[in-house]
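Protein chains in written order, with this note's numbering: chain A, 1 to 505; chain B, 1 to 505.
Be aware that a few hints might be false.
Intra- or inter-copy, both count: the list cannot distinguish identical chains.
27 Å max Cα-Cα, derived BS3-like pairs, lysine-lysine [stated by the list, open to error]:
(1) LYS136 <-> LYS26
(2) LYS197 <-> LYS410
(3) LYS346 <-> LYS182
(4) LYS417 <-> LYS191
(5) LYS136 <-> LYS346
(6) LYS470 <-> LYS496
What the hints contain is simulated information worked out from the structure, not anything from laboratory work.
2 protein chains.
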Amino acid sequence: MAKKVKTAITPTREEDYPEWYQQVVKFAELAETSPVRGCMVIKPWGYRLWENIRESLDVMFRETGHENAYFPLFIPKSFLEKEAEHVEGFAKECAVVTHHRLEAGPDGGLVPAGELEEPLIVRPTSETIIGATYAKWVQSYRDLPILINQWANVVRWEMRTRLFLRTAEFLWQEGHTVHETKEEAWEETKKMLEVYKTFAEEYMAMPVLTGEKTAGERFPGAVSTLCIEAMMQDRKALQAGTSHFLGQNFAKASGIQYQSREGQLEYAWTTSWGVSTRLIGGMIMTHADDNGMVMPPRLAPAHVVIMPIIRNPEEEEAIIRYCEEVKELIREQYYDGRRVEVILDKRDMNAGEKGWSWVKKGIPLRVEVGPRDMENGGVFVGRRDREKKEGYQREEFAAQVPAILEDMQKGLLERAKAYRDENTRDINTAAEFTKFFTPENADKPEIHGGFARMHWCGSTDCEEKANELKVTIRCIPFDYEQSGAGECVFCGKPSKGRVIFAKSY
Amino acid sequence: MAKKVKTAITPTREEDYPEWYQQVVKFAELAETSPVRGCMVIKPWGYRLWENIRESLDVMFRETGHENAYFPLFIPKSFLEKEAEHVEGFAKECAVVTHHRLEAGPDGGLVPAGELEEPLIVRPTSETIIGATYAKWVQSYRDLPILINQWANVVRWEMRTRLFLRTAEFLWQEGHTVHETKEEAWEETKKMLEVYKTFAEEYMAMPVLTGEKTAGERFPGAVSTLCIEAMMQDRKALQAGTSHFLGQNFAKASGIQYQSREGQLEYAWTTSWGVSTRLIGGMIMTHADDNGMVMPPRLAPAHVVIMPIIRNPEEEEAIIRYCEEVKELIREQYYDGRRVEVILDKRDMNAGEKGWSWVKKGIPLRVEVGPRDMENGGVFVGRRDREKKEGYQREEFAAQVPAILEDMQKGLLERAKAYRDENTRDINTAAEFTKFFTPENADKPEIHGGFARMHWCGSTDCEEKANELKVTIRCIPFDYEQSGAGECVFCGKPSKGRVIFAKSY
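Throw the hints in and build the complete structure from the sequences for me.
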């Protein structure tokens with residue numbers, strides 16, 4: 001067995017993946033649990049990451065013709081009930097507001113009072129409440145399309161929660177659009193999935209598969225749900241974003257009707273699509289290592305930290321001044337259309353400890369400046385994706401920062417792609433399937449888990465056979481017929497192409 | 001009587017101010033009521049305005065050392081109860097979550113189920129829930145200060161609501177800081193009020209008075225509440241932002257203690273400060289006129305709209321192309337550090353109607369381009385703050401856009417300042433006070449309402465005498481002693497200086 005290397009995060013991914021994840025989140029200071037069951041506190045470093053996600057997506061949404069707006073937090077119970085599958089899907093886990101004040105109870109404490117005539121649900125998603133407003137806005141085909149996005153908090157009363165991946169309250173964006181024709185709504189559904197794919201790969205450096213969900217995995221009330229699916233470092237799948245073609249289901253539930261070009265009253269066609277703070281969980285599980293978080297440079301809360309190394313107090317002023325100059329040199333650089341973000345960390349603490357705190361936070365570049373570096377006009381630089389640090393002349397380094405960041409961004413995507421591809425297999429028999437997904441093989445990466453590309457007949461019965469091992473169909477890739485026809489791994493009936501089976505978050 | 005001019009908004013301000021306000025909001029497409037009691041839908045044009053407010057404030061918060069983070073939507077009832085005045089202040093109007101799912105009831109409909117052990121309150125403000133987290137973060141003086149801001153939605157179950165001014169759910173930011181010393185917390189409280197004043201005046205073009213609230217008008221649980229107060233066009237005051245010095249009240253309630261430099265365990269000193277979507281209401285009532293909204297250029301959702309005037313279809317292509325060129329020329333300009341935002345409105349509708357739709361939305365500049373303008377290389381320009389339109393050569397206009405916007409921005413502030421000053425009076429006797437604030441004088445602006453600068457003895461009794469006419473003390477200006485000593489208008493006892501009395505929103 002290889003000599004055990006000391007890592008900044010204990011346990012390592014190999015030792016205990018779920019616990020490793022919690023520790024990375026903790027030491028990267030991204031988020032923590034709160035005193036409110038299932039709700040998280042997103043700390044400044046994590047929130048800045050979310051702001052960068054939001055700003056980047058906002059540009060893409062605007063470029064595809066969408067505007068932001070804001071709709072109510074609460075949904076009257078009767079609205080949720082309008083779409084049968086929808087309420088079925090969300091009734092089991094929702095926060096219900098029943099009263100509108102507190103008053104002194106019999107034993108002196110405060111008790112809920114002022115009971116509402118109709119309970120309100122804290123939005124788990126907003127199709128029904130937004131639909132009610134759209135029904136008022138839409139009269140004629142001239143009012144279409146409506147292309148609106150909302151950034152909001154939503155609540156789903158999950159019983160088992162995990163920071164970013166599954167929390168009772170989470171932040172997300174939800175696009176809600178209305179169209180004149182089925183074709184246009186379908187085009188929108190696919191276009192927004194493509195936006196998510198581009199964002200996941202080019203910004204998050206997280207490769208994703210795109211495809212359609214099976215009927216059992218659809219959004220409650222949708223006609224079709226498209227998704228992006230990524231592979232985490234434990235080889236499980238993460239559904240990272242969904243785009244729903246809602247047909248006329250919600251238009252009928254909310255009464256969104258328009259006068260057509262032919263003068264007929266028609267129901268409109270709607271879509272909805274969303275990504276959430278879950279993306280941060282995906283980013284962690286795609287890039288972080290046994291030393292902590294690794295931020296993809298395009299979304300990093302900051303790109304560079306400068307750490308003065310002060311051995312005796314007389315040097316302090318000169319070194320700090322030098323660091324300020326280096327900071328200015330770097331801030332003159334642009335990466336991905338914005339100024340390079342630099343932090344000068346003057347905290348009075350042990351240099352090693354300080355350096356590791358930034359490794360764990362995943363900042364792309366760490367710059368150390370000691371007396372010798374200062375004398376030579378140099379800086380000593382650590383890249384988060386390499387072990388060895390390197391010396392540079394300060395101007396030379398500053399000028400290279402954008403190129404280094406871009407190199408890191410590309411490298412992260414390539415590494416993640418390679419990992420996914422290595423752990424994607426064609427599985428051809430039920431026995432192979434069992435072997436691939438059996439927990440006893442969990443410590444044998446050469447045979448265990450990952451994405452299984454398998455022939456499937458399309459039946460719910462065979463889908464459920466996979467469920468016995470906690471495996472689900474993650475998606476039917478758009479191009480699945482290109483893998484060629486074959487026979488269902490479970491029943492032998494004909495299959496048009498391979499679909500993706502995996503365990504998932 | 002002057003000939004009645006036709007206005008785009010009916011009624012006019014003079015005819016029916018509250019109804020005028022509703023109509024401005026409606027025709028500017030800023031927001032509308034929703035099917036959920038007291039909750040509003042913020043429409044794209046209004047939401048963009050809010051985004052611009054958020055982005056501008058965020059820069060100012062960052063420059064003063066603050067970071068953004070996010071805390072839970074829900075507050076356990078017991079947390080709210082920890083600070084006696086605080087719960088007293090908010091218990092009467094809060095949304096209470098009592099259940100976490102819906103299930104089929106006896107008559108088939110869904111009923112709340114899964115009762116929570118402890119009810120949760122939808123945050124009306126977050127001192128108590130954030131305090132609980134800060135208590136964990138703060139151990140030693142080295143952990144201080146904590147300077148965090150949150151952008152969030154909050155809920156206060158108001159019985160009488162009005163779009164932007166008073167809604168059950170609203171959007172806001174709330175800063176929550178923790179300090180080692182009383183002095184530092186006081187300095188922060190004042191610093192953030194100053195940020196609000198700068199923002200109100202330089203961005204919103206809304207002049208504000210700054211000062212301290214009386215004990216009766218304080219935030220529940222605060223030691224002192226500072227505020228910015230603006231005058232609306234009906235001469236009522238609008239409290240537009242508050243900054244609270246919380247002393248050690250919330251630190252004690254939440255257990256925020258730190259090891260001091262001397263090794264003692266001490267309670268920390270905290271502040272909180274916030275502004276909300278109410279600012280949009282303030283902007284409307286400061287600048288809008290009888291033709292609708294007037295956007296201060298620095299916050300305008302867009303600066304310029306270009307409207308092609310097409311009289312016959314053959315011209316269409318050439319005019320649109322010309323408009324695209326004008327758009328590019330204007331977009332090359334920068335105003336206030338960002339690209340000038342230009343909309344090309346190609347909607348197929350009556351030119352007059354289209355023009356008025358933009359007047360009502362308050363866009364600073366409207367550019368019309370007809371065949372003749374195109375031939376001459378010109379544009380025809382309407383400024384929202386002037387009646388007459390003017391012709392320009394297109395390059396000349398584009399180059400002047402930033403200067404025109406800045407001129408408008410300054411002009412709005414000056415006009416609002418002049419209005420406020422005209423309607424601010426020194427009031428010296430109880431009889432004058434009554435005359436100034438009596439509703440029967442409502443149609444006599446020369447004597448009715450506004451800000452009354454009055455001597456006040458400091459007693460609650462005299463403050464309550466003013467309340468009989470629905471007048472409150474808006475603030476004790478920081479420099480109130482400069483107005484010289486005098487005698488309380490109500491009781492004749494000594495007063496150190498004049499304070500501001502007014503009716504308010």
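Status of each hint after checking the structure:
1. LYS136 <-> LYS26: between (46 Å within a copy, 14 Å between copies)
2. LYS197 <-> LYS410: Intra 16 Å, inter 45 Å, cutoff 27 Å: intra-copy only.
3. LYS346 <-> LYS182: between (58 Å within a copy, 25 Å between copies)
4. LYS417 <-> LYS191: For LYS417 and LYS191, the Cα distance is within 27 Å only inside one copy (23 Å; across copies 49 Å).
5. LYS136 <-> LYS346: Cα proximity of LYS136 and LYS346: across copies only (24 Å, versus 56 Å in one copy).
6. LYS470 <-> LYS496: Within one copy only: 24 Å inside, 76 Å across.
No hint from the list above goes unmet by this structure.
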